[in-house]
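Colleague: Residues per chain, in single letters:
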Amino acid sequence: MGRILEIQRLNFRYPDSRKKAVVDFDLEVSEGEVVVLAGPSGCGKSTLLRAVNGLIPHMYTGEYSGEVKVAGSSVKDSSMRDLAQTVGFLFQNPENQIFMFTVERDVAFGLENLGVEREEMRRRVDEAIRLLGIEDLAQRAPHELSDGQKQRVALAGVLAMSPKLVILDEPTSLLDPRTAMELVDLVSRLRKELGTTFVVVEHRLELLVKVADRLVVMSGGTKVLDGTPRDVLFGDEAEGYGISVPAITRVQKMLAKDRLAPTERLLTAEELAARLGRGAA
Amino acid sequence: MMWLSGGFVFRRGTSVYHRLDPRVKLLISLLMFSVTLMVQALYQLAMVISVMVAVAAVATVLRRVARTMLLTASFSGFIFAINLLATGNLASSALYAVRFVAIVVSTSLFFITTSPDELEQVMKTFRLPRDVVFAFVTAVRFIPVMMLDTLQIMDAQKSRGLELEKGNLLKRVRNMVPILIPLVVNSVIRSGELAEAMESRAYGAVPKPTSLVKYRARPVDKAVTVLAILLFALTAYSFYFLLPAHFP
Amino acid sequence: MIEFKDVTFVHQNGVRALDSVSLEVGKGETVAVVGENGAGKTTLVKHVTGLLKPKSGKVLVDGVDTRETSTAQLSRKVGVAFQNPDHQLFSESVEKEMAFALRNFGFPPELVEKRVSWGLELFGLEEYRESSPLVLSGGEKKRLTLACILAWDPEVIILDEPTVGQDAIQKEKLAGTIRLLTSTGKTVVVVSHDIEFLWPIQPRVIVMKGGRILGDGMAAELMLRKDVLDSARVAQPQLVTFFEGLSRRPKATFADPLEVRRWAGGNR
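In order, the protein sequence lines correspond to chains A, B and C.
Just so we're aligned, residue 1 is where the first sequence starts under my numbering, counting upward by one.
Just so we're aligned, residue 282 is where the second sequence starts under my numbering, counting upward by one.
Just so we're aligned, residue 530 is where the third sequence starts under my numbering, counting upward by one.
Just so you know, nobody snuck in bad clues.
For lysine-lysine, the following DSBU-like pairs were computed, each having C-alpha atoms within a straight-line distance of at most 35 Å:
id, chain 1, residue 1, chain 2, residue 2
1, C, Lys582, B, Lys447
2, C, Lys587, B, Lys447
3, C, Lys606, B, Lys447
4, A, Lys223, C, Lys702
5, B, Lys447, C, Lys534
No lab work stands behind these hints: they were computed from the structure.
Keep in mind the model is a prediction, meaning the values are calculated, not measured.
All chains, please: the whole structure from these sequences, using the hints.
Modeller: Below, the structure written as C-alpha cells:
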C-alpha cells in the first residue's frame, strides 16, 4: 500500500510565540489506515493537523522547516485548491463549517468553489448524502439540525470532494456517547467502502480503539509513542503522557501484577469478561 | 423583536406562491409597494390592501400577515396622531397611517415567502460580486446562532449576579458590557473558524464557481409576471385617470 | 436543598422540555444528570438557577420558590459553570474576572481580595492574575470559570459538561475538585456525557429522556439497569459492562460493581 502522508522532521513556530508548536515531528501513514492522534491539551495536535491540510503554511505563516507530503506532493508547494481535493478536514465545531441554508447546498459548497459541472456535482452530492444516510435532511436548514446531524452534514461536505485523507479534529467532543459511537462506526464503514485514510484526534480513546490501526501519542510538539492501540495502551508509558487509558485496560494492568490477566490484552469489556468468566482467572 | 421575526423571517412553505421564482416574488412585492405610493384616497388603499390579503391567502401566510398588520397598526396609530397634530387633516393623516401598514405588508410578503437560498439567487441575478453575496449568506445564516449565543451569555452573566434590569440608564448601559464583550469575542473566534473551514473547502479556487441548483423561470412564473405587470399598469392607470381622488 | 414538584416546562416552539419532573436533592449530595442531547438536562439546570421558571409545578431552592426571586439572588446560593467559558469571560484581567460576581453580591473589598487569592491558588492560576482571561488555554479557561464560582462560596455548584475539551490529567483534577467540594458539604450537580469520568465519582445518577426522569439512583445500581440506559441512549461504564459479563457466569468473582472498582483501582 502506498504512503498517503509523510511528515519528515517538521518544525513550526507561530510568529507570536517563543516556543515551537511542533518539534522534529516524523510520521508516515499508509493508504486506508485509521490513525488516532492523542496527547494532552496544548501538545501541538491542532498545529500538526493544520500543517497536513495546508492551512499551515498557506493561511498561517511562521517559522517552518521540514517536509509534509500528501499523496506524494509537498504541501508547502501545493495550492489550497489542490489540497482541498486530497485532504478533507472536519473541524471540532460543526456549526462553524456549515455555510449554506440547506444541507444539500452546503454539501455542494466545496464543489461549487472548484467549479465542478452541475450534473457531476449533483451526482457527487447525492453520493455523499447517501453515504452518510442523511437523505431525509437534504432540504433542512442548519438551525433545524441536532449536533450529531450537523456533524454528519459537515462530514458529507468534506467527503463530496472525494479526499484521499480525512482529518477529524475531536469529532465526538460535542456528541452524546451513543451518537459518538455511531460516528465511530461510520468511520470504520467509510474506510471499508471508500478506502479513505483517517487521522483522528480524540480524547475519548475507549470509543476509537476498536477501529484504529494505530495510536500516535504526541507530547510537547513531538511524537512520543507510535504503535497499535494495544501496544501503546498496554505499555508502561501511556499514562505518563496524560492520555485517557480506558478503564478496561487499567483493570488488566492491575490484574497483570497478580498474574491474573489474560495474555491477549483485550480492548473491550465484553471480551475481557468473556475471557475471565471462562474460568482462567 | 417579536414583530421583526414574525413579519420578516422566512418559514418554509409549500404553497404555489412559495414555489414561484424568487425574482417574480420580488417583482410582485415591488409593484405592490409602488402602488401604495401612488394611492390618492383611502378607498383605493383599501383595494390595494385587499389584493395583498389575497396574495397572503394564496401564500397561506394569512395569519402571520394579519398579526404583522395588527402589530404595525399600533405603530401607525402613532403616525396618525403626529400627522393629525401637524396638519389637522383627518383624511390625509389616515392615508399616511394606513399606507405605512401597506408598505410593511408588501415587504413582509417577500421576506416571509423567500428562503435565504432564494435571496442569494436573487443577489446573483443582479451580478453582485461573489464575496458580497457570500458575506450576506453567512450573515443571515448566523443570525440564529448569534441570537442563541446572546441568550447563553446573558444566562451565564445573570448566574454571576448581574442584574440587567436594575439601576439608572447609565448603569444599565454599563451592565451591557459583560454581555457585549463575550459576544464580540465569540464572533471573532467564530469568524476565524469559518475562515479555516472556507479555505479547507476551496473557497475562491476558481473565479466563477458553479451552483448546484439553477433557478429557471417556468411558464407559470412568466405568466404570473405578465399578469402582475398588467394588473399594476391597470391599477396605476385607473388611480390617475379613472377613479376619483375622493370617494363620492 | 433542591426540590422539583411536578415541574413542567414547554418551550416557545411547543417542545415539552420538562414533563412532570419531581425530584429532591439533599444538602451535600453529588448528583450526575445524564441523557442524550435534547433530553432536558440543561432545562433542568436552568430551573435551579431561576433562568427558567416552571410553566406548572414548583421549584424550591433552599426552601425558596424560584418564581418569587430573581436569578441574581438565587445565584448567591447556586453557582453554575456553563459549558463554554467564552460565554462569560469579559474582564481585562483574571483577577477582575473573579471579582465580578463578588462585587455584584456586595462583598467588602478586603473579602473580595482574599477570596480571589484563595481561588487563584486553589486552581493554580496565580501566574495569570494580571493577564487577560482571553489568553488562557481552553483548560485554563474552564478552571477559571469554576474558580469564579467557588469564590463566592455557593451552597450548590452546577457543572454543565465540565469535561468537554479536557485531557486525562485535567479530568483527574476535576474529579478531585468535585470530591473536595462534596467533602466540604457542598451540593454538586454535574451534567455530563462522559460516563467514564462520572463512574469513579460514584454519584447519584439521574437519567433523563424527552423531558422525563427515566431513572434515579446511585451509580452502582442504576448503571446495571441496561433497560434504562438503552432507552435513554446512555452508555454503560466499561467496568460495569465487565462486571455484568462476569456475574452472568457461575464463577462470578464480584458481589457488586463497587467491589470491582476498589479491586481494579478504578476509584482513582
